[in-house]
Amino acid sequence: MKKIMQSYDIRHETDMVEPLDFNRRSRLKDVDRCFKAEITNVIRLTDMEKLFQIRMVNDKDWERFTFLPGQFVMLELPGYGEIPISFSSSPSIRSTIELCIRKAGKVTQALHKAKRGAIVGLRGPFGTYFPMEPMKGNNILLIAGGLGLAPLRAPISFVIENRADFKEVHILYGAKDPSQLLFDYQYEEWHRIDDINLEVIVEQPDKSWIGPVGLITKLLDDIQITPDETYAIVCGPPIMFKFVCKRLSEMGVPMQRMFVSLERRMHCGVGKCCRCNIGSTYTCLDGPVFDFWTVMNLKEAI
Amino acid sequence: MLFKTIKKQDFFDVFLPDTQCIGPKKVGTNTNGKPIYQFLPFSSFDEIDLDYDTTEYSAKTYFLPYKETLSSFSFKDNDWTQEIKYRTRPRVIIGLHPCDINGLIKLDKVFEKTLFPNPYYITRRQNTFVVGIDCKEPCDGGFCSSVGANTVTHGFDLFLTDIGDRYFVKIGSDRAFNALQKIKTSEITKKDNEIYLQIRNKFEGSFEKTVHVENLPNLLDIEFESDVWRKWGEKCLSCGACAMVCPTCYCYGVTEHISMDFNKSDKIKQLYSCNLNDFAQVAGGHNFRPEPATRLKYRYYHQHRGFVESFGQPMCVGCNRCGRVCLAGINPTDVISDLQREQKR
Ligand SMILES: Cc1cc2nc3c(=O)[nH]c(=O)nc-3n(C[C@H](O)[C@H](O)[C@H](O)COP(=O)(O)OP(=O)(O)OC[C@H]3O[C@@H](n4cnc5c(N)ncnc54)[C@H](O)[C@@H]3O)c2cc1C
Ligand code: SF4
Ligand code: SF4
Ligand code: FES
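Going down the list, the protein sequences come from chains R and G. For the first sequence, this note's numbering begins at 1 and goes up steadily by one. For the second sequence, this note's numbering begins at 303 and goes up steadily by one.
Please note: incorrect hints may appear among the correct ones.
[What the hints assert, rightly or not] Dumping the calculated BS3-like pairs for lysine-lysine here, alpha-carbon to alpha-carbon at most 25 Å:
#	chain 1	residue 1	chain 2	residue 2
1	G	Lys566	R	Lys106
2	R	Lys36	G	Lys306
3	G	Lys492	R	Lys106
4	G	Lys327	G	Lys369
5	G	Lys336	R	Lys36
6	R	Lys106	G	Lys438
7	G	Lys438	R	Lys113
8	R	Lys60	R	Lys106
9	G	Lys492	R	Lys115
10	R	Lys176	R	Lys246
11	G	Lys306	G	Lys566
12	R	Lys113	G	Lys378
13	G	Lys336	G	Lys492
For the record, the hints were derived by calculation from the structure and aren't laboratory data. Owing to the predicted nature of the structure, the values given are computational and were not obtained by experimental measurement.
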């Protein structure tokens with residue numbers, strides 16, 4: 001039998017010999033191998049969220065690590081676990097990526113203790129993205145609730161870098177209370193330099209809060225849009241985007257032009273573990289970015 | 303396809319003991335006095351029984367082990383290195399029934415022929431020599447004929463049908479062809495063909511249980527809120543046994559385990575079940591499928607709708623292992639028939 005059955009070693013396959021590249025989704029690859037990356041800076045945003053600036057240890061890896069706004073990465077903290085995190089920075093910055101991470105459990109807690117210089121692993125990029133190119137030439141509504149601003153920051157950067165290609169740009173952001181506002185140091189810049197209409201609303205104001213109070217849908221009351229020329233990106237908890245998208249539908253925005261990012265449990269990122277399934281759709285492959293029409297048609301999506 | 307016939311006693315000479323051999327071994331008897339079989343390693347052919355009816359567990363564990371180390375991290379100073387190993391030792395599995403081979407073909411679709419092909423699975427599959435064998439009669443509650451899984455044309459190296467003192471052999475790979483060079487084989491005669499077809503026809507006609515799955519994808523959509531799910535869901539213990547024994551269920555979870563000296567950490571994949579409580583629970587505690595009924599429904603939904611959408615056929619191969627193992631008496635034929643009835647009402 002030995003002569004008949006020679007042992008097959010997958011490492012000799014030409015695809016496997018080539019360097020790792022998760023963008024080549026149909027190629028045979030070491031799907032569990034991570035790119036090595038270093039945390040270069042940790043910025044505290046609120047009590048619960050920190051922004052991690054990360055760069056590849058091996059400069060050559062950047063060549064095979066390009067992502068688009070809305071995609072996510074599997075962040076490996078060896079010894080603790082691996083979690084899906086959306087890119088929170090501009091895809092055009094080819095030296096660092098930024099991930100905004102909320103302390104939510106085992107892995108994220110450990111990450112919050114990590115210091116500059118810590119070595120982590122990255123697998124990805126994975127998933128679908130916001131179709132930024134087709135949006136050009138239109139008005140754009142960028143709407144976030146809570147931690148939703150983290151993934152929204154990638155399309156925001158894209159819009160800012162290509163500001164002339166877009167007509168009116170609105171960023172609407174809602175949070176529970178003022179202490180939970182993310183990236184507050186950037187509001188001034190978005191508003192003044194980039195000619196963007198930025199509105200922030202909180203549910204529970206503190207004494208110093210002077211802005212509007214209420215739910216995010218309230219901000220839509222004061223906005224005039226031309227539905228035929230408007231795209232919307234909505235990031236936040238399901239209950240939030242459900243109401244926002246319903247409101248936008250009433251205002252006349254077609255469902256195929258509203259995009260949301262869904263969150264599910266993920267253990268692989270490559271369509272194998274089934275943990276991210278919604279009905280029979282893989283959030284990691286077919287999502288996390290979906291247009292609202294698709295979401296409406298997914299069983300148990302919201 | 304090449305066909306041959308081989309004398310039964312000659313056949314066993316091919317497989318010499320230098321390769322690990324797996325086959326259906328009798329491991330005990332159940333309370334009704336019926337033998338219980340499992341696919342286990344054996345060293346002599348007296349240990350296995352190719353006339354077995356079915357095994358308690360499917361053979362998927364040899365392709366998708368219940369536990370598998372995906373990679374290991376070794377720590378040094380502030381840095382780490384990641385090591386990945388694939389199992390490359392050749393192995394022979396003898397005695398897979400058509401349902402199990404069809405199960406493997408479905409797993410091939412998921413792990414080989416999609417985006418992000420999976421090297422762990424592919425290595426195990428390529429290094430396994432599969433010898434299948436036709437069933438003699440339908441197993442208890444099996445409904446493979448309803449889902450088109452009672453015959454196979456590929457996915458194996460050799461496939462045997464018992465025609466009395468000889469095996470009618472289908473040769474499915476060049477390595478199988480080479481293996482047969484070492485023993486005495488005979489060409490197929492017209493008579494052999496007749497006997498073969500006669501045996502097969504008799505078998506096809508002997509199924510008791512049937513379910514209609516043609517309209518299921520549509521039906522599952524329509525009956526998404528059906529009371530049928532509550533009825534069966536209330537019985538479900540959320541134990542996950544059904545997914546463990548199933549030849550096609552493949553979902554899993556990944557956890558990391560640190561060694562006692564903190565020098566090493568293993569990333570371990572463990573097969574999971576969508577019936578388990580926390581399957582779809584995310585950080586912050588939200589569970590997308592909190593009730594047993596929603597999880598049970600999801601399992602059927604994935605097998606008979608989602609998989610059909612992706613691959614044009616149901617994932618279930620009708621072996622009824624899940625039905626036999628379930629302590630709550632939940633089995634696919636009853637659940638699906640209930641759904642069909644619901645629609646007719
Ligand atoms: C596409 C996507 C993008 C995300 N982007 C961000 C982001 O930008 N910032 C951020 O703070 N969080 C984000 N999350 C949520 C983040 O993945 C979870 O907070 C994180 O997995 C919690 O891990 P934990 O180990 O700390 O929690 P625990 O509750 O201890 O979780 C243990 C394990 O369960 C799994 N798990 C638990 N919850 C989730 C979950 N919600 N999603 C996926 N797997 C989970 C993980 O594999 C984890 O290892 C995103 C999730 C998805 C699916
Ligand atoms: S269907 Fe039966 S075997 Fe499956 S989880 Fe429920 S009780 Fe367990
Ligand atoms: S669902 Fe049940 S009957 Fe279908 S293949 Fe799995 S164990 Fe067999
Ligand atoms: S994360 Fe594993 S299948 Fe989507």
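Checking against the hints above, which ones are violated?
2, 3, 5, 6, 7, 8, 9, 11 and 13
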